[in-house]
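Q: Below are the chains, spelled out letter by letter.
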Amino acid sequence: MGAIENRVYRAYWNDGLLDVFAAVGVLAIGISWSFDFIVGGAITPALLVPLWGPFRQRFIEPRLGTVEFSEKRERTNRSRLLLLILLGIGAFALVVSLYVLRDRLALDPAVSLIAGLPALLLAIPAAFTAMLIATGRFLVYATLLVIAGGVGAISGWEPGPILVTAGIPILLIASTVLARFFRNNPVASGEQE
Amino acid sequence: MSHSDGIELPPIDELLHEPARLRLLVLLSVVKRADFTYLLNLSGMSKGNLSVQINKLGDARMVKIDKSFQGNRPRTMYELTAQGRKALRAYKKNMRAILAALPD
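Chains A and B supply the protein sequences, listed in that same order.
So in the numbering used here, the last one in the first sequence is 194, and the numbering has no gaps at all.
So in the numbering used here, the last one in the second sequence is 547, and the numbering has no gaps at all.
Please note: incorrect hints may appear among the correct ones.
As the list claims (entries may be wrong) - To give an idea of the chain B side of the interface with chain A (calculated C-beta under 7 Å), a few residues:
1. 474
2. 476
3. 478
4. 512
5. 537
6. 539
7. 544
8. 545
Calculated directly from the structure, the hints in this document are not laboratory data.
Glycine included, every Cβ here is placed at the ideal spot set by N, Cα and C.
Start from the sequences and build out the full structure, keeping to the hints where you can.
A: This is the structure in C-alpha cells:
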C-alpha cells in the first residue's frame, strides 16, 4: 500500500480513543488482579470490544467523519487482528497458568519474575498494535509496560499493582491525545452542498 | 519557421489540473469511500470550496455521490468511479511525460 494511503490510515487512529480503551483495559485488568479477580483479565476485553464501535460512532465520527478503507487494507487488518487475538489469548493463558501454578514452581527467581509477566505480555499486543496502526504511541505504551513489569517484578510487587502503575501514565497520555483531538476537531455543523 | 508546427505535449485534463480537485481525487483513490466531514478534515479545504469542487467531480462522473441519513444527520459518501480512476491514471502518465521532457 502506498505512502499516501499509509498516512491517511495513520491519521484515522490519531484521535486517541483506541489509546483510552487500551489504558482502561490495562487499568481494569490491574485493578481486578489486585483484588485477586483474575478472570477480570478475560472479562475486560470482552466488555471493551463491543463498546468500541458505538463509542467511535458517537464521539469520533461526528468530528473526523467516516471512511471505509480499501478491500486490500481490510484484508490485511483482518489477518493481523486475528493474529493479535491469538497472541492475546496465548499470552493470557500463559500468564494465568503461571500465576495459578506459581506456588508449585520450584525455581524461586522464576516465581519472583512471574509477577511482571502480565505487564510484559501485554506489551506484546501493544507493540503489535503499534505496527498494525502505524503509530509510535503504542510503542511508548509497550515500553511503559515492559519497564513496570521488570521494575515491579524485581521490587517484589504483585501483578495487579504493576499493571495499575503502567496503566496510569498510559491513561494520562491517551487522555491528552483524545482531549487534543476534541479541541482541534469540533463536531461538524453539517454539510454544505 | 512556421508557428503552426507547435510542439505536441501530452494532453492535460483541466478538470484534474487544479490543486483542490486533484487533492480530492488522490484522497479518494486511496480509500474505498469517505464522507464529507472526513474529506473536509483530510483535505484542509473550506466547506464551500470542498462542496464546489467535489460536485464538479461528481458532475463529471469521476466521483460517485451517495446521499443518505445516519439517524437524523444527512450523510453524503463519496467514491472514486472507474472513470475517475482512469482519468487520474492518465493524468499521472501525461504529467510524468511532460516533466520528464523538462531540462534539468
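Q: It remains to establish, for every hint, whether it holds in the given structure.
A: Status of the hints after comparison with the structure:
The beta carbon of residue 474 of chain B comes within 5 Å of a beta carbon in chain A, closer than 7 Å, and the hint placing it at the interface holds. Contact between residue 476 of chain B and chain A, as hinted, is supported at the beta carbon level, the nearest pair being about 5 Å apart and thus within 7 Å. Given hint, residue 478 of chain B at the interface with chain A, holds; its Cβ is 4 Å from that chain's nearest Cβ, closer than 7 Å. For residue 512 of chain B, the interface hint is violated, since its Cβ never comes within 7 Å of a Cβ in chain A; the closest pair sits about 12 Å apart.
With its C-beta approaching chain A no nearer than about 20 Å, residue 537 of chain B sits outside the 7 Å limit, and its interface hint is violated. Interface hint status for residue 539 of chain B: violated, as the beta-carbon distance to the closest one in chain A is roughly 16 Å, over 7 Å. A hinted interface residue such as residue 544 of chain B counts as satisfied when its beta carbon comes closer than 7 Å to some beta carbon of chain A; here the least separation is about 25 Å, so the hint is violated. Because the closest C-beta pair between residue 545 of chain B and chain A is about 23 Å apart, greater than 7 Å, the hint is violated.
Checked against the numbered hints given earlier, the structure breaks hints 4, 5, 6, 7, 8 and satisfies all the rest.
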